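Engineer: Chain order of the listed sequences is A and U. Add 996 to a position in the first sequence, counting from 1, and you land on the number used in my numbering. Add 996 to a position in the second sequence, counting from 1, and you land on the number used in my numbering.
In short, the hints are calculated from the structure, not lab data. Among the hints, a few may not be true.
Stated by the list, open to error - Calculated cross-link-like contacts (lysine-lysine; reagent style DSSO-like; alpha-carbon spacing at most 27 Å):
1) U:Lys-1179 to U:Lys-1111
2) U:Lys-1111 to A:Lys-1076
3) A:Lys-1096 to U:Lys-1251
4) U:Lys-1179 to A:Lys-1111
5) U:Lys-1304 to A:Lys-1250
6) U:Lys-1076 to A:Lys-1278
7) A:Lys-1224 to A:Lys-1159
8) U:Lys-1304 to A:Lys-1251
9) A:Lys-1304 to U:Lys-1304
10) U:Lys-1278 to A:Lys-1124
11) U:Lys-1076 to A:Lys-1251
12) A:Lys-1304 to U:Lys-1221
13) U:Lys-1251 to A:Lys-1278
14) A:Lys-1180 to A:Lys-1111
15) U:Lys-1179 to U:Lys-1304
16) U:Lys-1071 to A:Lys-1250
17) A:Lys-1096 to U:Lys-1111
18) A:Lys-1007 to A:Lys-1096
19) A:Lys-1096 to U:Lys-1250
20) A:Lys-1111 to U:Lys-1076
21) U:Lys-1251 to A:Lys-1304
22) U:Lys-1006 to U:Lys-1111
23) U:Lys-1096 to A:Lys-1076
24) A:Lys-1096 to U:Lys-1124
Just so it is clear, the structure is predicted and the values come from calculations on it, not from any experiment.
Next come the chains, spelled out residue by residue.
Protein chains: 2
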Amino acid sequence: MQDKILNLLKKKESYVSGEDISSHLNISRQALWKHIQELKDKGYDIEAVPHLGYRLASSPDRLFEFEVWRSLNTKTFGRKIFYYDTLTSTIDMAMDLGVKGAASGTLILAESQTKGRGRLGRDWFSPKYKGLYMSLILRPNMLPTQASILTLLAAVSICTALKSSTGITSQIKWPNDLLVNNKKLCGILTQVIAETDRIDFVIISAGINVNNDKKSLISSATSLKEQKKEEVSRVTLLQEILRELEINYLFLEKKGASQILEKWRQSNATLGRRVKVYCQHKHIEGEALDIDSDGGLLIRKDNGITQKVMSGDVVHCR
Amino acid sequence: MQDKILNLLKKKESYVSGEDISSHLNISRQALWKHIQELKDKGYDIEAVPHLGYRLASSPDRLFEFEVWRSLNTKTFGRKIFYYDTLTSTIDMAMDLGVKGAASGTLILAESQTKGRGRLGRDWFSPKYKGLYMSLILRPNMLPTQASILTLLAAVSICTALKSSTGITSQIKWPNDLLVNNKKLCGILTQVIAETDRIDFVIISAGINVNNDKKSLISSATSLKEQKKEEVSRVTLLQEILRELEINYLFLEKKGASQILEKWRQSNATLGRRVKVYCQHKHIEGEALDIDSDGGLLIRKDNGITQKVMSGDVVHCR
């Protein structure tokens, strides 16, 4: 109902009479008044003037479900949303919901995280209302060993969404960091919960620095605000990410991984470069040649031998 | 403290005076009386006779932590136990505890399960006090793609423990059912919770029909009680399983998979037989030749071609 009231107010720049809203939505004036109060509590600045009615002066920068759903147009991605002001981590909540049987496409959003998580047990700094902190539950019909393609799919989808939603061109650092001008903008973490021969569910999580101020970021990180010199709508960006994720996911299901791999190659910052990959207490140095069909990185070492790594931290040399 | 009181009572077949127990354990007579009441509430039949003291007439058939710990002698497996009278499934609890950071070796036990789970989303019938329903959390230092060896390890360990603890010889049906006289005695389920390049934790779960009466079992299932014509101590069996699991796990960490695979080959009911394997909407028929180093089953089809399957349901033909 609050969604419908907002839609009516947003349609008109000026005042809408309470009577019009009430009769249109078939609710009492008293019920309308209560909903308006609740919207005000959520941060919507709604002016009420006697004899004129209500006017939406401004909307808060929040990821409320009904804001995300407005003209989202996905089939399943984000159709069910669990929204929180603060979580330890959207991943923890996604794990809990996934175990309890949450449907594929379920989205978990938090305005801030007290223990935001990155790859390999690292932290992700998650200040309130500044970034996008999201986890998406998927139940793909694939073997656990095939799941690493989903990491590449997520990187490709977010990269495309960043471009179409904000105009910012980002590059993918293998396997799944998004960089702008060699600084980290977005981290992606894919977790697989599986029996040895069957995926139960997958959690794709992303942390994106959106409206973080430059001074709050470490020197190796950047935000969309820093790049664009203006605030960016987190809702619009999130919607575009959900759409891109779903498009690529449905394509993967129907046609296989080749298009994802090709998009990844086009947007990556790693291939063709000299890299050091640190994995399991050792490192491999050489030229990053290509990614394999399962997402592994092929490195030609100085002795001419090509080696494949499935995991690790990449340092781009020079 | 209740553990210590039980130890004193179990040492002596006859009465132990309250004064002796109190002074030995340095607690008041009143505190002792309270502990005795709590033990009685748990089902321990403790006789109290004036001027003689206390005598343990019988112990209940329960999987209390202190019963499992008595002379367990493992390093980490089962050193931390979460014990419940009823759970939906030990797996759900293990998932929750694993996400919250429970240590490797943490064991979850339930006397009954309302939604006991088998492989591929199936049920596991879990009547109260009749079976062993357990989940073990492990944090192995291996890649997610290597985790299937843990399924074989669990099957081999439980097979060995069944033999040494009860004398019953069971056979492993690929990948991980335990059969006695071609009837199912035990189901094992391995779940992996992983980032694409790092295992977060693994849950090894087993359901074993121990003291189930024949009439409560479906015709394709059996219990240890049916096979032995007598009740079996679930605690003793559980301890032996934990010891075997730990021995094989430490061996795997140090020496690799070859011994696990060899033990599996020795105890299996599948290799050398004609099998039908149903996987992903089709089936493969042929002779089960061997298992691969990653636990896959190699099948020689009638056209002479050998095919490997990583998952599926096996039907032993003839």
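Engineer: Hint by hint, note whether the structure agrees.
Structural biologist: Comparing the hints with the structure gives:
At most 27 Å may separate the alpha-carbon atoms for a hinted pair to count; U:Lys-1179 and U:Lys-1111 meet this at roughly 22 Å. A hinted pair counts as satisfied when its Cα atoms are at most 27 Å apart, and U:Lys-1111 with A:Lys-1076 qualifies at roughly 25 Å. With a CA separation close to 38 Å, the supplied pair A:Lys-1096 and U:Lys-1251 exceeds the 27 Å bound. Using a Cα cut-off of 27 Å, the hinted pair U:Lys-1179 and A:Lys-1111 is violated, with the two alpha carbons roughly 48 Å apart.
Proximity of U:Lys-1304 to A:Lys-1250 is assessed by CA-CA distance (about 24 Å); at most 27 Å being required, the pair is judged to hold. Pair hint U:Lys-1076 plus A:Lys-1278 does not hold up; C-alpha atoms about 33 Å apart against a cutoff of 27 Å. Of the supplied pair hints, the one linking A:Lys-1224 and A:Lys-1159 holds, its CA atoms being roughly 12 Å apart against a limit of 27 Å. In summary, the hint linking U:Lys-1304 to A:Lys-1251 is supported, as the alpha carbons are separated by about 24 Å, within the 27 Å threshold.
Using a Cα cut-off of 27 Å, the hinted pair A:Lys-1304 and U:Lys-1304 holds, with the two alpha carbons roughly 23 Å apart. At most 27 Å may separate the alpha-carbon atoms for a hinted pair to count; U:Lys-1278 and A:Lys-1124 exceed this at roughly 50 Å. Pair hint U:Lys-1076 plus A:Lys-1251 does not hold up; C-alpha atoms about 47 Å apart against a cutoff of 27 Å. Pair hint A:Lys-1304 plus U:Lys-1221 does not hold up; C-alpha atoms about 52 Å apart against a cutoff of 27 Å.
Between the alpha carbons of U:Lys-1251 and A:Lys-1278 the distance comes to roughly 20 Å, so the proposed pair stays at or under 27 Å and holds. Of the supplied pair hints, the one linking A:Lys-1180 and A:Lys-1111 holds, its CA atoms being roughly 19 Å apart against a limit of 27 Å. As the CA atoms of U:Lys-1179 and U:Lys-1304 are separated by approximately 26 Å, the hinted pair is consistent with the 27 Å bound. Of the supplied pair hints, the one linking U:Lys-1071 and A:Lys-1250 is violated, its CA atoms being roughly 49 Å apart against a limit of 27 Å.
Restraint check: the Cα-Cα separation between A:Lys-1096 and U:Lys-1111 comes to about 12 Å, which is no more than 27 Å; the hinted pair holds. Of the pairs offered as hints, the one joining A:Lys-1007 and A:Lys-1096 is violated, with about 39 Å between alpha carbons and a cut-off of 27 Å exceeded. With a C-alpha separation of about 37 Å, the suggested pairing of A:Lys-1096 with U:Lys-1250 is violated against the 27 Å cut-off. Distance hint between A:Lys-1111 and U:Lys-1076 is fulfilled; the C-alpha atoms sit about 25 Å from each other, no more than 27 Å.
At most 27 Å may separate the alpha-carbon atoms for a hinted pair to count; U:Lys-1251 and A:Lys-1304 meet this at roughly 24 Å. Of the supplied pair hints, the one linking U:Lys-1006 and U:Lys-1111 is violated, its CA atoms being roughly 36 Å apart against a limit of 27 Å. Only pairs whose Cα atoms come within 27 Å are accepted, and U:Lys-1096 paired with A:Lys-1076 is accepted, the gap being roughly 25 Å. Between A:Lys-1096 and U:Lys-1124, the direct Cα distance comes to roughly 23 Å. Compliance with the 27 Å bound is thereby established for this hinted pair.
Hints 3, 4, 6, 10, 11, 12, 16, 18, 19 and 22 from the list above are not met by this structure, while the remaining hints are.
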